[in-house]
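Below are the chains, spelled out letter by letter.
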Amino acid sequence: MVKEKITILSRVKHMFLHHPWLKLISLALAIISWMYIKYEMIVR
Amino acid sequence: MLIYWKTLLEIAILWFVIYQIMLFFEGTRAIQVVRGIAIILVAFFVFQRLGLTTLDWLFKNFFATSVIAVLIIFHPEIRSGLARLGQRHIFTAQLRDEELDYMLREISRAAEGLSRDKIGALIAIEKIDPLNTFAENGVMIDSKVSSELIQAVFTPNNPLHDGGMIIQNGRILSAGCFFPLAQNQDLNRIFGTRHRAALGLSEEADALIIVVSEERRDISLVYHGKLYKDLSQEGLFTKTKEIFKLKEPNG
Chain X
728 MVKEKITILS
738 RVKHMFLHHP
748 WLKLISLALA
758 IISWMYIKYE
768 MIVR
Chain L
74 MLIYWKTLLE
84 IAILWFVIYQ
94 IMLFFEGTRA
104 IQVVRGIAII
114 LVAFFVFQRL
124 GLTTLDWLFK
134 NFFATSVIAV
144 LIIFHPEIRS
154 GLARLGQRHI
164 FTAQLRDEEL
174 DYMLREISRA
184 AEGLSRDKIG
194 ALIAIEKIDP
204 LNTFAENGVM
214 IDSKVSSELI
224 QAVFTPNNPL
234 HDGGMIIQNG
244 RILSAGCFFP
254 LAQNQDLNRI
264 FGTRHRAALG
274 LSEEADALII
284 VVSEERRDIS
294 LVYHGKLYKD
304 LSQEGLFTKT
314 KEIFKLKEPN
324 G
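Chains as they are written, first to last, in my numbering: chain X, 728 to 771; chain L, 74 to 324.
Hints are not guaranteed to be accurate.
[As the list claims (entries may be wrong)] Some chain X residues close to chain L (C-beta under 10 angstroms, calculated; not the full set): (1) I735; (2) L736; (3) M762; (4) E767.
[Claimed, not checked] Derived, one-sided and incomplete: chain L residues facing chain X with beta-carbon distance under 8 angstroms: (5) I84; (6) W88; (7) L96; (8) I112; (9) F117; (10) V212; (11) M213; (12) I214.
Worth flagging that the hints you see were computed from the coordinates, not collected in a lab.
C-beta: ideal position from N, C-alpha, C; glycine also.
Whole structure, please, built from the sequences with the hints as guidance.
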């Protein structure tokens, strides 16, 4: 059986094409969480 | 400049962790809760920025107590998640390509035969999450996978024909097993108990579940809460192999 070769290009493609919406939502949440924590740290 | 890089690094780590959590729950019923938590987090942030102190207080206290509720409601998902942490890639490493091909061909052949004879069947193939808990409530078989044996088990009036069959490490582990039913009430109208059990199990484990309907004579495959309907023998083989070749989603 021929195994699929994993190239750097296929890895980069996979990074963008695999669950793009989930990645965007998690990025937005990460930024919001970071800002929230920073704000809490400044206030206290 | 150093602070700028630290900020980027912190956000990148947070992004990775949040993405992994969402990916972990994708395809399970817990994803709705994760979405709900995400919305609450955004609301939290907005209230705080706008200086709405009462709502901010309310959300903070609600969030703190709801953690316990989430732990109780989603204990099966959390349990399976913790089990999965220590069990990665054990099965895929054990089965060689030829063995995997043989097993999937035999199962596809059995599914086609059962569908032709109008016999219902429910077969779960373990991928990474262990199915031993479900296997224990059935009858242990521990036999090599063969199309004939699968068809014999599901033949009506056979004592084991009513439950589900579990296949682990290329062997039939047990038969006559009970799988958890999917909770979605809308499914009642469309599917029978076999499909509901397949969808229920797929919400708790990453197994590939094959359902042969005795009424409609069609072969379906369920994986991570998704249903692939009306598959032929070759279609089932190709799809199961494709899913088996998929690595655990890690981004």
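Hint by hint, here is what the structure shows:
1. I735: This interface hint is violated because 16 angstroms lies over the 10 angstroms limit.
2. L736: violated (17 angstroms)
3. M762: Holds, about 7 angstroms.
4. E767: holds (8 angstroms)
5. I84: holds (5 angstroms)
6. W88: holds (4 angstroms)
7. L96: holds (7 angstroms)
8. I112: violated (10 angstroms)
9. F117: Nearest chain X Cβ about 7 angstroms off; hint holds.
10. V212: Result: violated, 34 angstroms to nearest chain X Cβ.
11. M213: This interface hint is violated because 32 angstroms lies over the 8 angstroms limit.
12. I214: violated (28 angstroms)
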